[in-house]
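As a plain string of letters, each chain reads:
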Amino acid sequence: MKAFFSLVFFWLSVLLSSSSYATEQAEQLFNQLKPSLYQIKLIDKASGEKSSIGSGFQISKDGIIATNYHVISSYALHPKKYRIEYLDNQGNKGRLTLKSVDVINDLALVRRDVEQDMAFFQLSQSAPHKGEQLFSLGNPHDLGMIVVPGTYNGLKKESFNERIHFTGSINSGMSGGPVVNKQAEVVGVNVATSGNSIGFLVPHDKLVNLYQAFLQIPPESIEAQMAQQLTANQDKLMTEILSSTWQAKKLGEQGSIPIIDVPFIRCWGDSNADKADALILTAVANCSLDENTYLSSRFFTGSMEIEFRTMQAKNIGANKFYHLYQQQIARAGAGNRAGKDNVTEYQCHHDLVMPDNQAINNKSIFCTRAYKKFPDLFDVLYLSASVDKDKQALVSHFTIAGINQANALAFTRKFMEAVSWQ
Amino acid sequence: MAVDYIETESIEAENIEIEDMELKNIAAEEMTTEIIIEEISKGHKLLHRHKLTKKQIHIGRDYHNDIIISDPHICPGHLSLEFVEGHWHITDHQTVNGTFVENPKQQKHNANQHKINNGDIISLGKSQLRILFSDHKVAPTLAFSPFESFIDLMRHPVALFLSMVFFTLIAGGIFYLNKPVEVNFSQLFVPAIGMALGFALWPAGVALVSHLSKQDARMMAQLGVSFAFFNLMWFSDVLESIAAFNSASNSVLPLLVMLISVALAFSLFWLNGYIGFHMTARRRIIVAASITMLLFGGGYLVQYSNKPEFNPRPQYNATIMMPSFLLAQSSSVDEFIADSSKLFDKTKKRALKE
Numbered sequence: 001m002k003a004f005f006s007l008v009f010f011w012l013s014v015l016l017s018s019s020s021y022a023t024e025q026a027e028q029l030f031n032q033l034k035p036s037l038y039q040i041k042l043i044d045k046a047s048g049e050k051s052s053i054g055s056g057f058q059i060s061k062d063g064i065i066a067t068n069y070h071v072i073s074s075y076a077l078h079p080k081k082y083r084i085e086y087l088d089n090q091g092n093k094g095r096l097t098l099k100s101v102d103v104i105n106d107l108a109l110v111r112r113d114v115e116q117d118m119a120f121f122q123l124s125q126s127a128p129h130k131g132e133q134l135f136s137l138g139n140p141h142d143l144g145m146i147v148v149p150g151t152y153n154g155l156k157k158e159s160f161n162e163r164i165h166f167t168g169s170i171n172s173g174m175s176g177g178p179v180v181n182k183q184a185e186v187v188g189v190n191v192a193t194s195g196n197s198i199g200f201l202v203p204h205d206k207l208v209n210l211y212q213a214f215l216q217i218p219p220e221s222i223e224a225q226m227a228q229q230l231t232a233n234q235d236k237l238m239t240e241i242l243s244s245t246w247q248a249k250k251l252g253e254q255g256s257i258p259i260i261d262v263p264f265i266r267c268w269g270d271s272n273a274d275k276a277d278a279l280i281l282t283a284v285a286n287c288s289l290d291e292n293t294y295l296s297s298r299f300f301t302g303s304m305e306i307e308f309r310t311m312q313a314k315n316i317g318a319n320k321f322y323h324l325y326q327q328q329i330a331r332a333g334a335g336n337r338a339g340k341d342n343v344t345e346y347q348c349h350h351d352l353v354m355p356d357n358q359a360i361n362n363k364s365i366f367c368t369r370a371y372k373k374f375p376d377l378f379d380v381l382y383l384s385a386s387v388d389k390d391k392q393a394l395v396s397h398f399t400i401a402g403i404n405q406a407n408a409l410a411f412t413r414k415f416m417e418a419v420s421w422q
Numbered sequence: 001m002a003v004d005y006i007e008t009e010s011i012e013a014e015n016i017e018i019e020d021m022e023l024k025n026i027a028a029e030e031m032t033t034e035i036i037i038e039e040i041s042k043g044h045k046l047l048h049r050h051k052l053t054k055k056q057i058h059i060g061r062d063y064h065n066d067i068i069i070s071d072p073h074i075c076p077g078h079l080s081l082e083f084v085e086g087h088w089h090i091t092d093h094q095t096v097n098g099t100f101v102e103n104p105k106q107q108k109h110n111a112n113q114h115k116i117n118n119g120d121i122i123s124l125g126k127s128q129l130r131i132l133f134s135d136h137k138v139a140p141t142l143a144f145s146p147f148e149s150f151i152d153l154m155r156h157p158v159a160l161f162l163s164m165v166f167f168t169l170i171a172g173g174i175f176y177l178n179k180p181v182e183v184n185f186s187q188l189f190v191p192a193i194g195m196a197l198g199f200a201l202w203p204a205g206v207a208l209v210s211h212l213s214k215q216d217a218r219m220m221a222q223l224g225v226s227f228a229f230f231n232l233m234w235f236s237d238v239l240e241s242i243a244a245f246n247s248a249s250n251s252v253l254p255l256l257v258m259l260i261s262v263a264l265a266f267s268l269f270w271l272n273g274y275i276g277f278h279m280t281a282r283r284r285i286i287v288a289a290s291i292t293m294l295l296f297g298g299g300y301l302v303q304y305s306n307k308p309e310f311n312p313r314p315q316y317n318a319t320i321m322m323p324s325f326l327l328a329q330s331s332s333v334d335e336f337i338a339d340s341s342k343l344f345d346k347t348k349k350r351a352l353k354e
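Just so you know, the protein sequences line up as chains A and B, in that order. 1 is the number of the first residue of the first sequence in my numbering; add one for each residue after it. 1 is the number of the first residue of the second sequence in my numbering; add one for each residue after it.
A portion of the hints provided could be inaccurate.
[What the hints assert, rightly or not] Stretches of chain B that chain A covers, calculated by requiring three or more beta carbons in the stretch to come under 8 Å of a beta carbon on chain A: (1) 146-152; (2) 177-184; (3) 195-202; (4) 322-330; (5) 336-349.
Hints listed in this document are in silico derivations from the structure and should not be mistaken for laboratory results. Glycine included, every Cβ here is placed at the ideal spot set by N, Cα and C.
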C-alpha cells in the first residue's frame, strides 16, 4: 500500500511540475470566471434534501444559466416533486426556474432572478483546433468548484449527435459546467466521461442554438418541447439511415446481411468456431448506434441495435437443431431502459414471411410499445428466424428506441428485404 | 313324581307347539319382519350390512346384543327395535348420549318410540345405522359400457408395458432434443424413467383414493388408461406446436388445437373416475370438468399471479419447427407490415388509457 502511495505521489509531482504553467493559467481563469459559476441542486420538496447536483454557468447578464438536461431531468418530468436551486461561489442560494431544454444534446436553460446586470460567460464564435488546451470547470462530487485543464481532440466520429472528445478528467457533479479556451470563451459543456481522462463535451454551438431559439420563442411546455425534439431527431436519424447504402455482406457460409454504411453505426463480430464440442456452429454480427438519449435515470431512448446470427448444425439432426434454435430466439429483450411510468408493455405480431425475392422463408416477430409522455413515439423490436433449411439458420434482429410509426415500418420493410440466403 | 313327569312332558309338548306356531307366524310375516340394518360412515358409505329376521333386535356395545358396535359413546344396551302390529319401533334405553333419527322428510329428532320408515338413519354415539326393508327399491342394472373393453385392453400387462415404454421413449427423446450439449444414453434414460414414474403418481394416487374410500383400487386399469392418454397428450403437444408454427398471431387455429388437450385431459379424468369410483354420470362429468378446469385454469392463475406489474420484455410466440413441418403459405412483407402497423394504434391507445 505504501509503495502504491509513493508511486501515486511520484507521478502526481511529475504531472504537477510539467503542468505548472497550465496550473497558473487555470488559476487566473478560475478567479476571473468564479462569480458566474454555480452549483445546481435539485431539492426534493418532501424531504427538503438535495436529490441530485451538477454545475451550471451564467450566459447572459439577466440571469440565464446553462446546465445539462440530465442535471434537472427529474424536475422536467416531475415539476411538482422538486425545486431547482443554485449555490454561487459566495455561498448564496436561490431559486431557479426551468426555461428551455435540448434533450438530444443534453442541455437546459434555467434562470435566476437578478437585481442588476451581472458578469457572464462569453460563448465562443468558433470551434477550437485539435490539441488546443481547454479548461473544464465544475463541482465534482460536491467537493467545491475546481478547474481541470485538458486537450481538445476533435469531434467524436462515431456519434450521430456531435460530441467533443476532451482529454481531461470530468467527474460526476461537473456535469453542466463550462469548458473554456484560454480567452475564457465557452467552447463546450461537460456532459459525460468514459473514465481514464476521456471526457465528452457538448459543442458550444448547440448551446448557442438553444439560447437563440429561446430568445426568439420561449417554449410553452417543456414536455412538448422534448417530444418535438425527440421526434425531429429520430426523423433526422432515420432519414440518414434509410437513404444511406446498405451493403450486402456474407455472414457464415450462406447468409447475406445488410451492413448500414454510416459512421455512427458500428459493428462487432464473434463466433464459436474455437469450441470443438459445440453442436451448432454460430457466427454473430452486432451493430449498434452509439447513442443513448437520457430522459431520466430509468428511461433512455434513441438507441438502436442490430444483430445477425447464423447457425449451422454439426452432428445433430434437423429436429434437434430446430429445438436448440428455438431456445436461441425465445428471449429477445428491449434495447433501452424504460419503466412502467414511461412506456406501455410490448404488443407483438408474428407470422411466416417470405420476401418477394423468395430468397428466404422466415418466422418473423414484430413488437412495439408506446411512450406515455411523448405521443407518437415507440420502441420497436423485430426478430426473424429462417425456417427453410434443415441444418442452417439465419436470425436477424433489431431494436430501435424512440421512433415514430412511419419510420419504424419503413426501416422494418427495408431490413426484411435485405436479409436473405445467398 | 310320575305326574310331575307327565306334566313336564306336556309342558314340553306345549312348548314345541308354541315354537311351531311361532315358526308359522314368522313364515307368514317374513316379508315384513325381515329388516336390513346397515352400519354406515358419516359420509353415508356402507361399512357393514346385517339382515335379520327377528322381531326384536338389540343394539349396543356389550356382547348380548344382536348388533355389537364398538363405539365408546354407545351404551352397553343402547337401543332395541321391536316389530309390533306390522311396524318397527325404536326404544332408547335411557342412554347417556341418546338416539336420534333422520330421514329425507324429517329433521333429526329424538328416536325414542319412533316408528321406523324405510331408509331412516339412526344416529347413536358417533355411529350411524340405516334401516332398510327388503322391499327397498334398488337402482336398475348398469350395462357394461363400451369403455370397459378399452379399459380391459389398456390394463392388459403387455399393453400397459408398451404404453409406459412408449411414454419413456418420448420423454427421453424430448430431453435429447432440448439438451444443448452432447449427451449419453444414461443421461437421458434416468430423467425419462423419473418422468414416467412421476406421471405414474397420478393413476397411483387415484387408485389409492378409491381404495381408501372402500372401492376397488383397480391400479392396473388406472395406470393403463392414464398412460394411454399421456401418450395421446404428447401427440396433441406436437399438434399444438405445428399449429403455432404455421399460423400468424391473429389466427385462432392454435386455440382450437389447445381444445384437443383440454378434451384429452377431461376424458382422462372422466375415465379415472369411471374406473375408480361409483358415482352418477352427472357427478362424474362435474368432477372431471372441475379437475380439468383446475389444471388449465390453475395453470393460468399461477402464471397470472407470477406476472410482474410491468414486463419490460416482449411476450411472443417463437415456435419454430424443422422445414418438413412447414405447411402454411408464407405472407408477403407487405402483409406482415400491414398487420404489424395495427400494433401502433393498439399500444398508443393503451398509453393514453394508462
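Here is how each hint holds up against the structure:
| no. | hint | in the structure |
| --- | --- | --- |
| 1 | 146-152 | violated (count 0) |
| 2 | 177-184 | holds (count 5) |
| 3 | 195-202 | violated (count 0) |
| 4 | 322-330 | holds (count 7) |
| 5 | 336-349 | holds (count 11) |
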